[in-house]
Amino acid sequence: MSEEVEGTRTCEEQQEMEDKVISPEKAEEAKLKARYPNLGAKPGGSDLLRKRLLQKGQKYFDSGDYNMAKAKMKNKQLPSAPTEKTEITGGHIPTPQDLPQRKTSIVASKLAG
Amino acid sequence: MAGPGGDMQWCFSQVKGAIDDDVAEADIISTVEFNHTGELLATGDKGGRVVIFQQEIENKNQPQFRSEYNVYSTFQSHEPEFDYLKSLEIEEKINKIRWLPQKNAAQFLLSTNDKTIKLWKISERDKRPEGYNLKEEDGRYKDSNTITSLRVPVLIPMDLMVEASPRRVFANAHTYHINSISVNSDNETYLSADDLRINLWHLEITDRSFNIVDIKPANMEELTEVITAAEFHPHQCNTFVYSSSKGTIRLCDMRISALCDKHSKLFEEPEDPSNRSFFSEIISSISDVKFSHNGRYMMTRDYLSVKIWDLNMESRPVETYQVHEYLRSKLCSLYENDCIFDKFECCWNGNDSVVMTGSYNNFFRMFDRSQRRDVTLEASRENSKPMQVLKPRKVCAGGKRKKDEISVDSLDFNKKILHTAWHPQDNIIAVATTNNLYIFQDKVN
Numbered sequence: 001m002s003e004e005v006e007g008t009r010t011c012e013e014q015q016e017m018e019d020k021v022i023s024p025e026k027a028e029e030a031k032l033k034a035r036y037p038n039l040g041a042k043p044g045g046s047d048l049l050r051k052r053l054l055q056k057g058q059k060y061f062d063s064g065d066y067n068m069a070k071a072k073m074k075n076k077q078l079p080s081a082p083t084e085k086t087e088i089t090g091g092h093i094p095t096p097q098d099l100p101q102r103k104t105s106i107v108a109s110k111l112a113g
Numbered sequence: 001m002a003g004p005g006g007d008m009q010w011c012f013s014q015v016k017g018a019i020d021d022d023v024a025e026a027d028i029i030s031t032v033e034f035n036h037t038g039e040l041l042a043t044g045d046k047g048g049r050v051v052i053f054q055q056e057i058e059n060k061n062q063p064q065f066r067s068e069y070n071v072y073s074t075f076q077s078h079e080p081e082f083d084y085l086k087s088l089e090i091e092e093k094i095n096k097i098r099w100l101p102q103k104n105a106a107q108f109l110l111s112t113n114d115k116t117i118k119l120w121k122i123s124e125r126d127k128r129p130e131g132y133n134l135k136e137e138d139g140r141y142k143d144s145n146t147i148t149s150l151r152v153p154v155l156i157p158m159d160l161m162v163e164a165s166p167r168r169v170f171a172n173a174h175t176y177h178i179n180s181i182s183v184n185s186d187n188e189t190y191l192s193a194d195d196l197r198i199n200l201w202h203l204e205i206t207d208r209s210f211n212i213v214d215i216k217p218a219n220m221e222e223l224t225e226v227i228t229a230a231e232f233h234p235h236q237c238n239t240f241v242y243s244s245s246k247g248t249i250r251l252c253d254m255r256i257s258a259l260c261d262k263h264s265k266l267f268e269e270p271e272d273p274s275n276r277s278f279f280s281e282i283i284s285s286i287s288d289v290k291f292s293h294n295g296r297y298m299m300t301r302d303y304l305s306v307k308i309w310d311l312n313m314e315s316r317p318v319e320t321y322q323v324h325e326y327l328r329s330k331l332c333s334l335y336e337n338d339c340i341f342d343k344f345e346c347c348w349n350g351n352d353s354v355v356m357t358g359s360y361n362n363f364f365r366m367f368d369r370s371q372r373r374d375v376t377l378e379a380s381r382e383n384s385k386p387m388q389v390l391k392p393r394k395v396c397a398g399g400k401r402k403k404d405e406i407s408v409d410s411l412d413f414n415k416k417i418l419h420t421a422w423h424p425q426d427n428i429i430a431v432a433t434t435n436n437l438y439i440f441q442d443k444v445n
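Protein chains in written order, with UniProt numbering: chain A, 1 to 113; chain F, 1 to 445.
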């Protein structure tokens, strides 16, 4: 692919092509952008940080919402809990059955065995 | 027994943990730490449990000795909790363990999960009292009418019992997840760091803690970086460092002001803007920072490399070692499977001449600073015959794969070595795979 054959090319395109050849990192970036075209330009931005680093462990069971929903649905049938373990978000009011059970570790560590 | 700088030959010594491939989440090892003499080795796991091993040395007087670490004590350090106000689950996973230097017969360590730090006392009991006046041997009280004489109870030997008891609980000081704890050289205070704040505690006082670093922006949407690790200087009780997700390290002096938001030194390697990619910031995030034993250097671990910094030079590291450069052309898939966010730790050997860190496929790497040599070794059950010498491993980045080499695409990214520890004096190392603890020893020539 030579410049003369392809015609005029912008400096940016030229640089990008050279980058792909030179930098494996940039090639990987191009791959990622191709798979996820909606990915934001700033990976280290506050959204990513806040999601990954600060909010892990968030569960969505709210007893107030749950009781209100139960009261509203007194006359209607309660929706059965989903059979698969999907993440509970949005309008669906989680029931205690939806939440994964937490068990305290009463078993001894296998390292000590 | 520290090697004089000659060829180190690492041999398998022991492996702890279950053999089966089906790993329960609670058994995932989350921290490994030798105490200051190396006699004790502590591990913490995702299930909130701590296991302490004690070194027993055979043939202590001979130059070629084998040391074995056997279980000394085990206890449940943290339990899972639920923060009802924020609907947040608080994991019992032990993020860090730090030993206190020994002051008396008992041993003390700090262990922390995401929110709460605990001071544990581990003490030995090898005598018990016998011959009480008012109680029978089984504890029942005697009928006072049958007591006709007075005697002094005596202490008789009993089988060694090791007891762990929580002496202090340091709670409710962290809004975000604690990633580091570090004991000050003054042996009275320690720091705890979460994503946005660092607090200073006194070991005796649990109801108060001083905030010494706060990088929380007024508007959370302006958040650009978080604290990833923090450590006190080994000798200077006024100095500590903290690393960030942007690849910078800040050194702070507590004598300058109560709130150390303004750093004394900022260590940052200049980046070539033309090399910048989507992944640049993520892979520059520092996952661990460790001072050298002599206090003149510090080491940082980012996703692909280990860097040694001279505390007197902020502009760039004095040494950079590539851990697994072949992963640079795999960043896209490593981002998709989240491996790019794995937090590897690093450690120094006793005389600061060699540094070690983990990688994938149960490989771990050592870099000899003085001899400018590095080696890749593997922790696996296949190389676990007693005193079997570990063979160096090699990853083939591309092109023709030689015999005994492993290609990048065959690496198992689920087998990661995040936690390693080096005995403070001898060439004994502890390497944690997902749920097993390997102990390797240098074969003395």
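Don't read these hints as lab results, they were simulated from the structure. We put the CB at the ideal spot given by N, CA and C, even for glycine. Please note: incorrect hints may appear among the correct ones.
Taking lysine-lysine and the DSS-like style, the derived pairs with C-alpha atoms no more than 30 Å apart in a straight line are [to be verified]: (1) Lys-33(A) to Lys-343(F); (2) Lys-391(F) to Lys-31(A); (3) Lys-416(F) to Lys-93(F); (4) Lys-72(A) to Lys-86(F); (5) Lys-31(A) to Lys-93(F); (6) Lys-391(F) to Lys-330(F).
Over the 12 Å line for every Cβ pair with chain A, so calculated as not near, a few chain F residues [what the hints assert, rightly or not]: (7) Lys-16; (8) Glu-56; (9) Asp-195; (10) Leu-203; (11) Ile-308; (12) Glu-325; (13) Leu-411.
Hint by hint, here is what the structure shows:
| no. | hint | result |
| --- | --- | --- |
| 1 | Lys-33(A) to Lys-343(F) | holds, 25 Å |
| 2 | Lys-391(F) to Lys-31(A) | violated, 36 Å |
| 3 | Lys-416(F) to Lys-93(F) | holds, 17 Å |
| 4 | Lys-72(A) to Lys-86(F) | holds, 25 Å |
| 5 | Lys-31(A) to Lys-93(F) | violated, 35 Å |
| 6 | Lys-391(F) to Lys-330(F) | holds, 26 Å |
| 7 | Lys-16 | violated, 5 Å |
| 8 | Glu-56 | holds, 16 Å |
| 9 | Asp-195 | violated, 5 Å |
| 10 | Leu-203 | holds, 26 Å |
| 11 | Ile-308 | holds, 23 Å |
| 12 | Glu-325 | violated, 9 Å |
| 13 | Leu-411 | holds, 16 Å |
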